[in-house]
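**Q** Each protein sequence line maps, in turn, to chains A and B. Just so we're aligned: the first sequence equals residues 0 to 259 in numbering that gives the first Met the number 0. Just so we're aligned: the second sequence equals residues 0 to 259 in numbering that gives the first Met the number 0.
Read the hints as simulated data drawn from the structure, not as lab findings. Among the hints, erroneous ones may be present.
Because identical chains share one entry, a pair is satisfied inside a single copy or across any pair of copies.
Simulated crosslink set (DSSO-like; lysine-lysine; CA at most 30 Å straight-line) [as the list claims (entries may be wrong)]:
1. K140 - K57
2. K84 - K115
3. K111 - K140
4. K212 - K2
5. K4 - K153
6. K111 - K175
7. K2 - K58
8. K58 - K140
9. K111 - K2
10. K57 - K2
11. K141 - K212
12. K50 - K253
13. K253 - K4
14. K4 - K111
15. K175 - K57
16. K253 - K115
17. K253 - K153
18. K4 - K57
19. K115 - K140
20. K50 - K175
21. K153 - K212
22. K57 - K253
23. K4 - K50
24. K50 - K84
Protein chains: 2
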Amino acid sequence: MAKEKLTIVKIGGDIVDNDVLLASFFQHIEEVNGPKIIVHGGGNRASALQKELGIEPKKIDGRRVTDAATLEVVTMVYAGLLNKKLVSKLQALGDNAIGLSGADGDVIRAHKRIVKTVDYGFAGDIDQVNVRFIHDLLLTKKTPVFSPITHDGKGQLLNTNADTLAARIASAMSLKYDTELFYCFTKSGVLRDVNDDNSVVEDINVHNYLQLKQEGVITDGMIPKLDTAFEALTGGVSQVHLGLVDILSNTTLKHTTLCL
Amino acid sequence: MAKEKLTIVKIGGDIVDNDVLLASFFQHIEEVNGPKIIVHGGGNRASALQKELGIEPKKIDGRRVTDAATLEVVTMVYAGLLNKKLVSKLQALGDNAIGLSGADGDVIRAHKRIVKTVDYGFAGDIDQVNVRFIHDLLLTKKTPVFSPITHDGKGQLLNTNADTLAARIASAMSLKYDTELFYCFTKSGVLRDVNDDNSVVEDINVHNYLQLKQEGVITDGMIPKLDTAFEALTGGVSQVHLGLVDILSNTTLKHTTLCL
């Protein structure tokens, strides 16, 4: 028997923070048929609150360093403010959303990142996705909405990269579902020219990915995102798309599709 | 067939904020047999964050006035920071906790308090408890942990009194369970002399309650708490206890028990 389709959507902080883009997201997500899972980031809002509280945001290679004070801020902003805002809006649209951190129902277990050259503090690397619990929620017609806060099972909350979280959830759920993963952000996809939204690289595979990196077309923050997306494909995810929220309701729109 | 016992525990912000009292709470809650539900407040921490952000906390008759900025703060602190901290610690103790705001799974529906003489802003008065969803969680051995943030089903989050939330959940669950409700705080119960922990009024019923109010023994914030607790009894709750967290594992310890 063919597996049921499951849509996993990751929306970045740039969408969650912007009322116009968020409204557009809600419009398109409601056109997705079948079960779905939402994973959100929220970096800008957390950085703004840190500044208001006099905590200087620290990043190394584009990744946040999470000290104890920063962990409190991201737990408040991601698992509290943004997560509950998304859930309440989805409920208003008739979508029975349930907001989750990794600690809730022990749904995402992680460990504090091992210090090699860089100490990322309370950064969590994912060990385990509780497929059964997520499956039970989907069976009762709920839409899980994940904030990128996880836990180690020993009482410690951890800050986890939302792109990675979405990829790991999608891979894990591939055991039971035919999974399609969307990374939605404010660009139409991976662009050859970052200032030209028409310069979308429509298909990226493991071969031209290497070439695009060598040419300097794919740089900086896009590299870990695509590495993570490729890991999702090798992990059993059927399709990975990157682009605007509009592609949720229409995948024939120009965007980037990944394949191995 | 006799209904299964269900324990509902409300812990105030004074416990959630205090590492020693919180450790004691965890010790005693783990000795509770059978399914349980936890409801937490968190007022002090929210007020502290408000001050850090330059928002002046407003209260009328001991009840917080929730303007838009305050709603953001309580959503962050209650539904984010404190809720996830409690859940991760319970997970570490082997308790499969799941943190919930009222929006999650549409579990607590409320409406914005009608303005009569006082405008409490985004204060939520509870309309509906989703008994079926809570029951499903309990059947799968989960411990729901409620933050006092609710929603109106139209996309608006609301700030709800945690004492009332605990009472309404306990009353609603009485349909399916034999419910016992505990209000845990930093006193041994209702005290005749607020400075003497041995002056506990051990039994309060509707008759001596009136008298105790007339004598001025019960005043201020204790009145709405006890009114709410009596509503729980009339709503079908079997037993209501008020006192230290120690009573969770031993109800023979001196504390206040309510009866009609």
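**Q** Quick check: which numbered hints come out false for this structure?
**A** The structure breaks hints 1, 4, 7, 8, 9, 10, 11, 12, 14, 15, 16, 17, 18, 19, 20, 21, 22 and 23; every other hint is satisfied.
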